[in-house]
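> What follows is each chain in one-letter form.
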Amino acid sequence: MRFYNNLTISQKQIVWAWIFLALPVLFYVVIRFYPTANAFVLSFQEWNLLGDRKYVGLENYAKLFSDPVFWKVFKNTFMYLILGTPVSLVLSFIIAYHLDKVRFMHGTIRALYFLPFMTSAVAMAWVWRWFYQPVPIGVFNNFLASFGISQIEFLSSTTNALPSVLACAVWAGLGFQVIIFMAGLRAIPQSYYEAARIDGVSTWTVLTEITIPLLKPTIVFLVVFSSIGFLRIFDQVFNMTTNNPGGPLNSTKPLVLLIYDTAFNGFNMGYAAAQTVVLFTILLVVSLIQLRLLKDS
Amino acid sequence: MKRNRLRTFMLGAATAAMTMAAGTGGASAVEIEYWQYFFEARVDAMDKLIENFEAANPDITVKMTHFPYDSYRTKVAAAIPAGQGPDVVQLFYGWLNDYVEAELIQPLPADTFPPEKIEEEFFPMVKAMRMGDSYWALPTAVRSLALFYNERMFEEAGIENPPANLDELVETAKKLTKKDGAGNLTAVGLTTGMTAQDHHWIREVLIRQFGGEPYLDDYKTVNYNNEAGLKAFGFYNDLQAKHGVTKAAFMDEPQAAFKAGRAGMHIDGSFRIGALESVRGLKWGVAELPAGPDGTKSNYSSYWVNAITSKAEGEKFDAAVKFMEYLTSDEAMQIWLETVGELPAKPSAAMTDENVNHPVYGPFIKGLEYAKTTVFANESAQRQAMVDMMQRIELQGQALEESVAQAAEEEQKILDEYYKK
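Residue numbers (the numbering used here), protein chains in the order written: chain H, 1 to 297; chain G, 1 to 421.
Rather than coming from a laboratory, the hints here were simulated on the basis of the structure. In this text the structure is predicted, and so the values were computed from the model without any measurement. Careful: at least some of the hints might be erroneous.
Distance condition first, Cα-Cα at most 27 Å in a straight line; then the derived BS3-like pairs of lysine-lysine [to be verified]: (1) G/K75 / H/K54; (2) H/K54 / G/K420; (3) G/K413 / G/K220; (4) G/K247 / G/K175; (5) G/K413 / H/K63; (6) G/K420 / H/K63; (7) H/K63 / G/K247; (8) H/K54 / G/K247.
Beyond 12 Å from chain H on every Cβ pair, some chain G residues (computed) [unchecked claim]: (9) G181; (10) K247; (11) F271.
The C-beta atom is built at its ideal place from N, Cα and C for all residues, glycine as well.
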């Protein structure tokens, strides 16, 4: 107690700060950092969940980088990112931009857009999966067939499957992005628009010179947020292709699904940990780029 | 075979109320613990077995604990080395290697379970549970494949009997297939889907029927990249490519097409019976799998087994042995059949007149006499090799020979990696 009493006020504040921080720190160390570190160690080992762990050096990584399936999956993961992020952003911006101007039943329409975001990804994926089936059960193909147009292979084609899965994922995340964009639009001071109107500037110029530049923080946030989301895509893919996860011929398999399969079907925990470390690295790089972008604005 | 079921199990686990074993109480000397994963019918059946066992052995109580399937393996692995957890444990037959190697289970004592006696009493595929001179685990119940057929569609097409061989299978399927004006399939003659049971049908049934043997050296060497294998895969591929009586993954899942009355015939396991019984308006029958060109019959069987863990010692070990004896008795097998719908693992319990002539169980039970059990290193990965094989042919136009060769190579790699230790 003597020791505590001799401290200065600012030192006492520090002591109290650490006392309050102790619980979250403990939580992070035990629940987050320890398992993360463990996963790094595990990635240099071989373990089937049952026996002893055995050190194998870089074998897991060597195997990973020489595995054509890994590179296919790696490419798929980035396809989800490269197609998904711009498409979902452009779509949600267009919707938000126009929805912002709508007064008629504004709340209801906004709620309708937000609805998919609140729906369970599993339920949604299954409904979309049935939509995509060939006749006689798929909605899309039944519609085409009733006009005598030949069927489209959605999920059972190596080229169409990934965009088909992605469409469902984009649709699922749209509501959230629309809401964020609308908040961003509302935050732009009206005085800019009034000034532009007095100057007689065209709508296009208003959009490109005022709205979009002032939305930059919103856009950066959404780019980063949805990038991480698409890099970690799993629910939609897994549920839409459960019988042949990530198929056909690995054309829809993302990294997370590969990890899941290696770990819980193959019980090859070391190899799965190595894949996880790779995913972690990718996410880290993306996050660092995010910090860079945020600094600029 | 296990995957699809497990998904159902997990759903069941999430929604069903917990039913705990009511096996505690009474002034008993020994208490042993039994673990299995959660599936309601299995838990119910085990409750009954424990009740009967305790009535016969008042000095022993059995406490059952169950877990959702996805955490089951981890829990077992963590508990036993720590001296906790079960004395008798349930595992999938394909996990035996891993469990023995990790020293989680011990061999069954030869005085109570002499290997010769087991081989005499059980169906032959149970041999997979023998390592060296002793048996390590034994099943209460087993599962096999059979041909389900839609009786209404058979009547409509004027077909009297289910096909007895592969030629008849093709002819029957042709009569049952329906197409719309644009040539789209609206009902298939026979369901196909390598992701369902077809990879078992090809491995253990078709390849053998065309004169081959799917694996050599105790399932460590792939042996289907040869004439018999090509004939088997060719026959299977022709169903869709040449005869047009099916489409892979028609209506998403083969069993869904059959349930909806959009498939004339469907090859599936005995575990499908329960699900089909609850479909209203569907009239279906069961027949043995069609025989091969030279009359060869074959079938695939899989099962869950019970084993005594390395933790059980002294009087607990003795009690565990007694419990294992009961779990492998005819009485237990009959209870399991009636509660879970899985087939008895011993001919003495299975081949009773009542069971063999049972319209639904009969064909499955007959299949057990000549069933084989594939020893998998990694079932889902080995299945994937076959799924990809058919898809390369269908989607990328690869030649059959090439695709089979590639699949054989991929599967051999999986086996080599697993057994390299």
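> Going through the earlier hints one by one, which of them does the structure break, listed in rising order?
7, 8, 9, 10
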